[in-house]
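Enquirer: Whole structure, please, built from the sequences with the hints as guidance.
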Amino acid sequence: MILAEIDWSSFLSSVFVFDDYGELFVLVRNSLWAGAVLGLVGGVVGTFVMMRDLAFAVHGIAELSFAGAAAALLIGADVITGSLVGSVLAALIMGFTGLHAREGNSFVGVLMPFGLGLGILFLSLYEGRSSNKFSLLTGQIVSVSSLQLTSMVVLSVLVLAVLVAVWRPLTFASTDPFVARAKGLPVRGLSILFMVLLGVSVALSVQIVGALLVLALLITPAAAAMNLTSSPGRTVVLSVLFAELAMVGGILLALGGNIPISPYVTTISFALWLVSRVVRAVRERSASYRRAVTATATTTTPRGAVAADGTGAATASSTPAP
Amino acid sequence: MQPATPRTGPAGPGPQNDAAAPATAADAAPAISLRDAELAFGDRVLWSGLNLDVAPGEYLAVLGANGTGKTSFLKVLLGLLPLTSGTVSVAGTRPRVAAAHVGYVPQQRGFPARTPLRAKDLVAQGVDGHRWGVRLHPRRVNRRVAELLERVGATEYADAPVGLLSGGEQQRLRVAQALAADPSVMLCDEALLSLDLHHQHVVSELVHEQRERHGSTVVFVTHDVNPIIDHVDRILYLANGSFRIGTPDEVLRSDVLSQLYGTDIEVLRSNGRILVAGRSDSTHHTDSPEEIIP
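So the protein lines, in turn, are chains L and R. Sequential numbering from 1 applies to the first sequence in my numbering. Sequential numbering from 323 applies to the second sequence in my numbering.
Calculated directly from the structure, the hints in this document are not laboratory data. Careful: at least some of the hints might be erroneous.
[As the list claims (entries may be wrong)] If the Cβ cut is set under 7 Å, some of the chain R residues that face chain L in the computed set are: (1) L400; (2) A421; (3) Y426; (4) P428; (5) T437; (6) L439; (7) R440; (8) H459; (9) R462; (10) P483; (11) V554.
By construction, the Cβ of each residue, glycine as well, lies at the ideal position given by its N, Cα and C atoms.
Expert: Here's what the structure looks like:
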């Protein structure tokens, strides 16, 4: 009993410690800005990831980003450049092999363990500080230098600027590819462009949240937003809001403890999603009730004059209205 | 000019080189024009020697069994598929250039349940979804979308998520989306498939109305001509690598289709409804010619 209490309090003290919080805060100001920028990029990119059903691809890109970063660490090159090269390369391969949903999934499944394996190989060959190794997988916040922050902001602005420039066609091509193609939009070109943007966003996220947990930033906020609204505009706003809450909130909480940042980010992210899912379930119960009532009111309308021919063939092509 | 008929025994008759549009519009430039058009996938020739002018305001139905190149014909008109040989023009220009001004009504396909689009957003994509950048004049777009929704009778569910709409509701929106471009040419690809009869009627009337009010040309690809038979001026009937062009009364006849298919075909009319059936299996009547293809 006493033992349990001690364990509990030591757990608490390692998760939430707020001594010297003010001093720490100054130290991690860069990280906080980096987190805020990432939240913005992750929230926006995430909505397109969800529209395009690319969640699994994000995971695959993150593993190759990790391999790239580990390789850079090994040869003493810049880690950010390494992870960028890895993830953009992976994204391009997926983009050019015509990644879409089902067939793409198995391809990602093939690519992902290979990337992870490569990364582990490079890390085991690396003889530097082991905390560097661990942070690539699970994230870190303390060592965001001004230079790192600058490159992050520049890349984020670039990603967002390109997204704004292709906003409408990309939304069209993501939600309704057949008609977008018929309208003359370069659907394939947009798809490859988006994969590059996704690659860059993943590489940025890997710096902070780590390769294993990128999904918490690029998927969960957007998925939570889509639980709450089907308006495209509101989806983006909510997704960014949730991503910011997870990132900035996670960093602020992580300051107090001596465990990595990622558990905080993923937990906030998951909690937000859970709440959104409950809200959706509650709404759907009342909405399906409403819809059922209106449906019974409209099924009494006549089905059109063409229905009256009695050939029997007619019923074969008709589907019941819900 | 005998078209290749790779997979069939008795070859059908040579195609009619029918370039004549209805006399009323003979002097106007054709909305759609194909010259010596051939489409083949490898050795398999879907159709060849196709010469066709569709006049402005004309309603052309493209019929035929699965695999005869109906949908490919539409893809050619949309510029998504190049002809193997010959030339094609839509609205006086290359199909790819014309694509932005063509109204395209696709076959009904469901949306994933959580697609972040409402009915009005789907229509709005027809208004400005192909433009670059973000929407700068939402009010103007909203007005236009409201107008289009009103026209197809979809105002009631303007705010409903597309993933939750029925097939019929979705197809109304598809028509509204196609009308957004104020199209001089409407291309419909099995747009009535899997709809109940009421919605088949509603959607085909909406397409017809655009032709009546704005003189749009309509090309309607379908496996069942009955829902649109009252509106159709001419039919392009594809079968066995061959084809026939003419008015419904000229093409939908037992002798013509028997020649085309190279087997006994019976065309029955009942209550203004047309049934095409293989005579050898007369107990099995069907309104869909694809069921008689072995």
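Enquirer: Determine for every hint whether it applies to the structure shown.
Expert: Each hint, compared with the structure:
no., hint, in the structure
1, L400, "5 Å, holds"
2, A421, "4 Å, holds"
3, Y426, "4 Å, holds"
4, P428, "6 Å, holds"
5, T437, "6 Å, holds"
6, L439, "5 Å, holds"
7, R440, "6 Å, holds"
8, H459, "12 Å, violated"
9, R462, "14 Å, violated"
10, P483, "4 Å, holds"
11, V554, "15 Å, violated"
Violated hints, listed in ascending order, are 8, 9, 11; each of the other numbered hints is respected by the structure.
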